[in-house]
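Visitor: Throw the hints in and build the complete structure from the sequences for me.
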Amino acid sequence: MKVIAFISGKGGTGKTSMVASFAKVAAPVVAADCDVDAANLSLLLDGKVEHTERFMAGQKAHINPDLCTGCDLCYERCRFDAIRPVDTLYEIDQLACEGCRVCHQACDFDAVELTDNDAGEVQVLAAATGPVVRAALEPAQSNSGKLVTRVRVLAREESDRHGLDLVLLDGPPGIGCPVHATLADVDLVVVVTEPTPSGEHDLARALDLLRKFGRPAQVIINKADLSLTMTERIHKLTETHGGEVIGELPFVPTVPAALAQRRSLLEDATLRPLLEALWARIQGHPALQAETEPAAAEVMTK
Amino acid sequence: MKVVIASGKGGTGKTLIATNLAWMLAEGGVDTTYVDADVEAPNGHLFLHPTQVTTSRFASPLPTLIGPTCSGCGDCQRFCAFNAILATADKVLVFPELCHSCGGCLDACPDNALEELPRESGTLTVGEAGPIHFRSGHLDVGEPRSTPIIEALLEGTPDTGVVVVDAPPGTSCSAVAAVKGADQVVLVTEPTPFGLHDLELAVDLSRKLGCQPSVIVNRSDLGDAQVRNYLNAESIPVLAEIPFDRDLSSYYAEGVLAAPVHEPLRQALEKTVSKLLNGSIGGKAA
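Here the protein sequences line up with chains A and B, keeping their order.
Each residue of the first sequence is one higher than the one before, starting from 895 at the first, in this note's numbering.
Each residue of the second sequence is one higher than the one before, starting from 6 at the first, in this note's numbering.
Nothing false has been slipped in among the hints.
Reference listing, derived: stretches of chain B covered by chain A, where coverage requires no fewer than 3 residues with Cβ under 8 Å from a Cβ of chain A:
| no. | stretch |
| --- | --- |
| 1 | 108 to 117 |
| 2 | 137 to 147 |
| 3 | 163 to 176 |
| 4 | 203 to 217 |
| 5 | 253 to 266 |
Chain A residues, not near chain B, derived (Cβ > 10 Å throughout):
| no. | residue |
| --- | --- |
| 6 | His945 |
| 7 | Cys965 |
| 8 | Tyr969 |
| 9 | Val1047 |
| 10 | Glu1142 |
Quick caveat, the hints were computed from the structure, so don't treat them as lab data.
All residues carry an ideal CB built from backbone N, CA and C; glycine is no exception.
Guide: Here it is, written out as structure tokens:
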């Protein structure tokens, strides 16, 4: 089985609509949405819900007002500003609590209780393109990296269960924890960028991260015709940062309206052949050929 | 006053709005600070071009084994809620990528064998962009945890005049760190199903943190009417609608701040500035 992740550094460059298009070209495949903060893939690849599970992550502290003496021990030790005075006692800000248990350890009166934290939900859908794994982190929760790891594990299980040998991961923006969790066992990474200073700057950081993790990188320049100068610069930058530009897509002003009607980019006469050509380049990458070595050892996931 | 520009979905135009809004405020004589809190993908400097820049390294405390007193009891590993410590008979390994710097392992250790040493994971930048005070944070490539840098960046920002915070996308810990304590949250969205889905989550986040958000609809003429229907139903004020404009995209593509040269954007943001300053919209709960 081979896993391809799509990331971008900068958000909003077109990852999700491309992953949905490639899933349609390559079907049947497993597609998984690793942007658990803002999961949009299933808006384009929808299907019947086959499996739902809660995502429990870490613990949250609570103070029992019957036992709390207001002695300040927990308040002085909490480094996350999660403990606030209420009248003469204390209570815990559930959004700020990171579940470190320092307050529990500090309390001499057994007033701090710990409860398991329900942080979100994971689902498997049966879509026309094959299984789709999606997750929804509750707003203001931490632990997005752990939830991404759960999504990836379920995606692998689905590929085994259905005998599918390809998994597409729609990654989160940025270069931090949830992106690291997405990249843990991928064979190839496609970075989707746009010809703006932001796109260029964040592409450089994404490519540096991939080099650090030892993952091969292909680059797609979306909306390339919006600035030919920047597109040229992105070609050069990709070369010096160890990636490979595999193609460009033009800006098509009707795309947002088409997405609003849940229509695929493949229905656009300009984009379809370009997307098919891009998919051929992705599929032809040496890292996806059967005889290549398995992906580098699993990096630490958060 | 702290005004946070946030979004849920990435790429909706937070940086476009935040940098130009800061310019409009400063141009109108308001003491303005721009803070780039998207430390994973910080882009404000590409448009504001700060000068007189000074940088400092950001470090978090990391527990480290010191001296020979460790008895190998493993209490530190058992205590750590983040699986960041591996204790063997003669060694304590701390995984810095997993450590939250809570300090609990030091309390848990009966041998006083641990001490916290600073560990660097990013850079903080301070400068001046014309009349705008500029601040930003950069997470080092390969580091996972952006939240501590965002918190340090905002804690170090003087609470004078108007502070415009350019938030990271998403609705989890890093977005919370940027939005926390906001007097106004302005959500930048686009009228697509993606925009709507993530807008709903961002509204939820903002309200959970005690602030009634307002919205700017970017590329307002591309897409459909669902975002507007939702905003009406929720009585969320719309500060401005910015239609798609190739000129505006070109300015952005060239790293040019658009408000000084692009009349429609300036007009849209003039309204935004007056609504934010006269206190006629939601904002922080009393």
